[in-house]
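Student: The residues making up each chain are set out below.
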Amino acid sequence: DAGVIQSPRHEVTEMGQEVTLRCKPISGHNSLFWYRQTMMRGLELLIYFNNNVPIDDSGMPEDRFSAKMPNASFSTLKIQPSEPRDSAVYFCASSLTQQGIILLNYGYTFGSGTRLTVV
Amino acid sequence: AQTVTQSQPEMSVQEAETVTLSCTYDTSENNYYLFWYKQPPSRQMILVIRQEAYKQQNATENRFSVNFQKAAKSFSLKISDSQLGDTAMYFCAFMKHVRAGGTSYGKLTFGQGTILTVHP
Numbered sequence: 001d002a003g004v005i006q007s008p009r010h011e012v013t014e015m016g017q018e019v020t021l022r023c024k025p026i027s028g029h030n031s032l033f034w035y036r037q038t039m040m041r042g043l044e045l046l047i048y049f050n051n052n053v054p055i056d057d058s059g060m061p062e063d064r065f066s067a068k069m070p071n072a073s074f075s076t077l078k079i080q081p082s083e084p085r086d087s088a089v090y091f092c093a094s095s096l097t098q099q100g101i102i103l104l105n106y107g108y109t110f111g112s113g114t115r116l117t118v119v
Numbered sequence: 001a002q003t004v005t006q007s008q009p010e011m012s013v014q015e016a017e018t019v020t021l022s023c024t025y026d027t028s029e030n031n032y033y034l035f036w037y038k039q040p041p042s043r044q045m046i047l048v049i050r051q052e053a054y055k056q057q058n059a060t061e062n063r064f065s066v067n068f069q070k071a072a073k074s075f076s077l078k079i080s081d082s083q084l085g086d087t088a089m090y091f092c093a094f095m096k097h098v099r100a101g102g103t104s105y106g107k108l109t110f111g112q113g114t115i116l117t118v119h120p
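Protein chains in written order, with my numbering: chain A, 1 to 119; chain B, 1 to 120.
Just so you know, these hints were derived from the structure itself, not from any lab.
Glycine included, each C-beta is placed from N, C-alpha and C at the ideal position.
Honestly, I wouldn't trust all of these hints.
Cross-link-like lysine to aspartate or glutamate pairs, in silico, EDC-like; alpha carbons within 16 Å at most [claimed, not checked]:
1) B:K107 x B:E29
2) B:K107 x A:E62
3) B:K73 x B:E29
4) B:K107 x A:E44
5) B:K73 x B:D26
6) B:K70 x B:D26
7) B:K107 x A:D57
8) B:K78 x B:E15
9) A:K78 x A:E62
10) B:K96 x A:D56
Not close to chain A: a few residues of chain B, all C-beta gaps over 10 Å, as computed [to be verified]:
11) D26
12) R50
13) L84
14) V98
15) T103
Non-contacting residues of chain B with respect to chain A, defined by C-beta distances greater than 10 Å in every case (computed) [claimed, not checked]:
16) E10
17) S22
18) Q57
Make a model of the complete structure from these sequences and hints.
Tutor: Now the structure itself:
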């Protein structure tokens, strides 16, 4: 199993540009999470998808952030326009749930993250 | 809201010794789950150990064990026979089921982390 795959590993962009982060969850996992990690705020949940449907986007900071999951094997997190304060490590995680309940023997499996720097 | 507090920003230990990382949490729930994750310099978040709140027995995984004190809302991680490869940031995390979008899911909330350095 290749695990959760995120790309790119590093992204440097100029303020105002559009940034797209990508995630491929573990095959068979039906829940996907996007987290953001910063020194000031730690790890924060941005959005949760179940069976490709956004369930909880209460953590998305602003309208500049959007996330999609067009199919079970792919998700994107887009920032448009990007700002220096968006600089962070963005993690994707996947899990297996039944009726919305996380199966603890699966837990959350995290990708290696994308380090985004907006200059 | 649930909060997770790790009061030790940094810890250090000599190789082969034992170290304990502290974590406290605040919740009014009775059913929840607790985790410790390790984040080495590679950035990968790795699950170290988990504990179901309804289980009184403390979880163990090889050199890693927890001291779960439900009444005190404390969940510390003990690393025995520390190895250089244990050098990492360690996150305590709390999961409970929350309702959203007409369904419920297990939401994971993290503490701020403790940087552990193992010295040779």
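Student: So, for every hint listed, does it hold in this structure?
Tutor: Here is how each hint holds up against the structure:
{"no.": "1", "hint": "B:K107 x B:E29", "verdict": "13 Å, holds"}
{"no.": "2", "hint": "B:K107 x A:E62", "verdict": "20 Å, violated"}
{"no.": "3", "hint": "B:K73 x B:E29", "verdict": "11 Å, holds"}
{"no.": "4", "hint": "B:K107 x A:E44", "verdict": "11 Å, holds"}
{"no.": "5", "hint": "B:K73 x B:D26", "verdict": "7 Å, holds"}
{"no.": "6", "hint": "B:K70 x B:D26", "verdict": "11 Å, holds"}
{"no.": "7", "hint": "B:K107 x A:D57", "verdict": "12 Å, holds"}
{"no.": "8", "hint": "B:K78 x B:E15", "verdict": "14 Å, holds"}
{"no.": "9", "hint": "A:K78 x A:E62", "verdict": "11 Å, holds"}
{"no.": "10", "hint": "B:K96 x A:D56", "verdict": "14 Å, holds"}
{"no.": "11", "hint": "D26", "verdict": "15 Å, holds"}
{"no.": "12", "hint": "R50", "verdict": "7 Å, violated"}
{"no.": "13", "hint": "L84", "verdict": "21 Å, holds"}
{"no.": "14", "hint": "V98", "verdict": "8 Å, violated"}
{"no.": "15", "hint": "T103", "verdict": "4 Å, violated"}
{"no.": "16", "hint": "E10", "verdict": "14 Å, holds"}
{"no.": "17", "hint": "S22", "verdict": "16 Å, holds"}
{"no.": "18", "hint": "Q57", "verdict": "15 Å, holds"}
The earlier numbered hints that this structure contradicts are 2, 12, 14 and 15.
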